[in-house]
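This is what each chain is made of:
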Amino acid sequence: MKLTLSCLIAALVLVQTAPVHAAPPARPPVLLRRATLWTATGAVLPDSDILLQNGRIAGVGKDLSAPAGTQVIDARGRIATPGLVDMHSHLGVYAAPNSRAHADGNEMTAPATPYLRAIDSFDPEDAAIARAVAGGVTTSLILPGSGNVMGGQALYIKLFGRTVAEMQISGAPRAMKWALGENPKRTYGSRGQLPSSRMGSAWVIRQRLVEAQELDVSQQRWDKEAVHTAARPNRPDLEPLQALLRGEVLLQVHCYEVHDIETLVRLSEEFHFKVAAIHHALEAWKVPQLLREHRIAVATFADLWGFKLEAYDASVHAPEILQAAGVVVAMKTDHPVIEARDLVGEAAKAHHYGLAEQAALAAVTRNPAQAIGLLDRIGTLEVGKDADVVVWPTSPLKLGARPERVFVQGVQVVGDGQNLQAAWSRTVHATAGVCGCD
Amino acid sequence: MRLTALAMATALSLPASAQAGEVLLRGLTLHLVEPAATVQNAEILLDDRGVVRCLSGDVTGARPPSVQAKPCREQAGSTAEVRDFGGKGVAIPNLIEPYNQLGLVEIEAEEESADGSTHRLANAAQVRAIDGIRLNSRAIQAAQQAGVGIAAVHPLGSSLITGQSAALRTCGATVDQAIIRSPVAVHARIGHAAKRDDQVTGSRSGQLAKLRELLLQGQRLAKAASSKQKLSPAQDDSLQRLRDDPSLPPLAEVMAGKLPLVVHADHADDIAAVLRLQRELGFRLQIAGGAEAHLAAAALAAQQVPVILTPGSARPNDFARLRATDQNARLLLQAGATVAIATEHTYDARNLRWELGLLVQQGVAWAAALRIGTLTAAQLLGLDPQVVAIAPGLPANFTVFDGDPLTYDGHAVWTSCGGTVWPQPRQR
Chain Y
1 MKLTLSCLIA ALVLVQTAPV HAAPPARPPV LLRRATLWTA TGAVLPDSDI LLQNGRIAGV
61 GKDLSAPAGT QVIDARGRIA TPGLVDMHSH LGVYAAPNSR AHADGNEMTA PATPYLRAID
121 SFDPEDAAIA RAVAGGVTTS LILPGSGNVM GGQALYIKLF GRTVAEMQIS GAPRAMKWAL
181 GENPKRTYGS RGQLPSSRMG SAWVIRQRLV EAQELDVSQQ RWDKEAVHTA ARPNRPDLEP
241 LQALLRGEVL LQVHCYEVHD IETLVRLSEE FHFKVAAIHH ALEAWKVPQL LREHRIAVAT
301 FADLWGFKLE AYDASVHAPE ILQAAGVVVA MKTDHPVIEA RDLVGEAAKA HHYGLAEQAA
361 LAAVTRNPAQ AIGLLDRIGT LEVGKDADVV VWPTSPLKLG ARPERVFVQG VQVVGDGQNL
421 QAAWSRTVHA TAGVCGCD
Chain L
1001 MRLTALAMAT ALSLPASAQA GEVLLRGLTL HLVEPAATVQ NAEILLDDRG VVRCLSGDVT
1061 GARPPSVQAK PCREQAGSTA EVRDFGGKGV AIPNLIEPYN QLGLVEIEAE EESADGSTHR
1121 LANAAQVRAI DGIRLNSRAI QAAQQAGVGI AAVHPLGSSL ITGQSAALRT CGATVDQAII
1181 RSPVAVHARI GHAAKRDDQV TGSRSGQLAK LRELLLQGQR LAKAASSKQK LSPAQDDSLQ
1241 RLRDDPSLPP LAEVMAGKLP LVVHADHADD IAAVLRLQRE LGFRLQIAGG AEAHLAAAAL
1301 AAQQVPVILT PGSARPNDFA RLRATDQNAR LLLQAGATVA IATEHTYDAR NLRWELGLLV
1361 QQGVAWAAAL RIGTLTAAQL LGLDPQVVAI APGLPANFTV FDGDPLTYDG HAVWTSCGGT
1421 VWPQPRQR
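Residue numbers (the working numbering), protein chains in the order written: chain Y, 1 to 438; chain L, 1001 to 1428.
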């Protein structure tokens, strides 16, 4: 499948013209002085400053001058990175503690529910959010679960704020979650319903996309009519798929095995939609060329494997193999499968198994930002980007690494020794103490 | 996909090169735990059976009798294969995973490959892990290639008493070769899992009541076995009914002090409830799980009940674990409790060394963390301390890393399990 350039352009336009994320409280500028900057662009800048002002990165370089009133933080000996980006998370839709009451990520009453929205399940008071930000995560893509073939639409959040509205990244692209492989067929097959097989899952997709195409045709026909004898055809349940086929939705697909990846590619060629990324993808390492040709990113685990058959033929060297082949690789948590707080540990383990140091950092910053369509705004330490910055006392790729300070849009939400440990191990939500928003 | 996996499983199950002659390992820092010592500039000479012939090197402090000053290379034959780690090799005894289902569960979601669970029985004490173990397991091989040499494996499931565990080497070709102790313990579980099975009991208090009832029956059997008192016909009939129940003799072993009872419990109050039962009935108890054990640290220490933290770094995401903390092990050790560390799933047993490394992050001394992962685990499993010893005359059971094995810096670069050598271990 060819890159749908219009899709990317549309996404970028959306982001660039979007209203700014719910404005954080007015704060003085912050200058981190003389840190080692791991910029996630590939560049490591020793002994350098970074200025955070008005929620953005206002300067990167040596001996920056600070505006009056700037809070200057001596960051000598520290490493500063972009805020981490978790592109596969169920924070808020499977809120802690694990319970039936909190299980809001899978609407498993119909296999194709592209019309559902994670935002409508998201609980901003999930205690795990506080822990995640204490681990350096500043942006998450909140996805519906994988019980359905078409699970629904994703929510983009910054890990800052008290309410859904405050946390939602306004103007972010639209993203949708699908799932192939074992999960949907297990969900419905156990009830004797469609799909009970992989071919059933593919049919569910094909059926819905054909319906979306037919709706498009009937709407276009209506638009050309001189006199309307009926209302314009409208199917809210199909609108997200129409948007997908127009290239306006970034498709994120749970997909482990090679043959599932091939099925997805066949469908994308048949219906001319773009796949942004495959998730989990523990056999992606076998087909890097296919993924590179179709510009499909991979969001994967470092060493989680074997819990089901489609996860059995994993390789810990997959990130290194995929990266070397030119595939965009991201590490993610699938929280609560892996605690969101431990995202950096996934990068660290990928590094242990061969992914180069800065590539490992990019796998939890730049690459996921790119795969979710927000690279113009987050993912690297560059002037103009959101001031999402993590300060680490030592390499973030060390075992057990923890941030010393975390800034979200220029606001220090973790740090200064006051709430660091509390946030790290928080088990009940106490928003004011976590978000720093007084 | 299946072919690839099976082919790899087969490949991994074979040593990359058979032991053909003497092997001299040099350029090592060697950490011994029994007796404890750090040996710099260490050399280890293995004979053609993979048995340690010589240990040498520089020791600060008292020199263990097993470590000679004279370099082992002087004893090596001219045809010995030499592996020089250039001073960067770090050798440690193979670790012991004290609470896992390796060999019982290969793929959790596939019933065909999962034999680790008992259901529909409140008391499944007669179920023995040894009877369900299947080798040729990628999870076992992954653990072995990461320096885990021994694992204790236990039945689990929704039963209250889930069965008897066994300790196995991760490198045996057959179950009989791999097993080094069976049974190791009788296992039980307090909490949510057993509540779901209506054949067991629907509440924690019900679980404790049932556990007490079963242990009292075991106690009757144990007392009868040790008593020379003549029984009335009615008493004898009653006892015979207990003897005829195959699930009770293992509990008699527990109540006679011959086997420990390992109870999985995470919530501090569940742990406290089990501790009350232990005070009442006086059996050898170990706690597994233990996410909130730090809140019962003083009582655990006072009653000398060890805790197998499973995993070492539990997250507070379940009701029974809400007060989990990554300071758990340190707090328990500070209180004087005995702590061992386990991983939670078969597929992450290979990460045991990093769970131990997280103890070091908490402030536990590096040597103490290594001891927890070796000698302490051996003691809890009732194994001879020699299983974690590296000394002349013993089969080689150690792994060499190219950096600190308790961090992400170290990769396993040479390993031997029971004397069988893998010169280039590699995680798949």
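Among the clues, some could well be false.
Lysine-lysine pairs mimicking DSBU-like chemistry, simulated, CA-CA at most 30 Å apart [stated by the list, open to error]:
| id | chain 1 | residue 1 | chain 2 | residue 2 |
| --- | --- | --- | --- | --- |
| 1 | L | Lys1230 | L | Lys1195 |
| 2 | Y | Lys398 | L | Lys1088 |
| 3 | L | Lys1223 | L | Lys1258 |
| 4 | L | Lys1195 | Y | Lys308 |
| 5 | Y | Lys224 | Y | Lys398 |
| 6 | L | Lys1088 | L | Lys1070 |
The hints are simulated quantities; they were obtained by calculation from the structure and are not laboratory data.
Status of the hints after comparison with the structure:
At roughly 41 Å between alpha-carbon atoms, Lys1230(L) and Lys1195(L) are farther apart than 30 Å, so this suggested pair is violated. Taking the CA atoms of Lys398(Y) and Lys1088(L), the gap is near 19 Å; set against the 30 Å cutoff, the hint holds. Taking the CA atoms of Lys1223(L) and Lys1258(L), the gap is near 13 Å; set against the 30 Å cutoff, the hint holds. This hinted pair checks out: Lys1195(L) and Lys308(Y) have alpha carbons roughly 25 Å apart, not beyond 30 Å.
Pair hint Lys224(Y) plus Lys398(Y) does not hold up; C-alpha atoms about 62 Å apart against a cutoff of 30 Å. A distance of roughly 21 Å separates the Cα atoms of Lys1088(L) and Lys1070(L); the hinted pair therefore holds under the 30 Å criterion.
Comparing the model with each earlier hint shows violations of hints 1 and 5; every other hint is respected.
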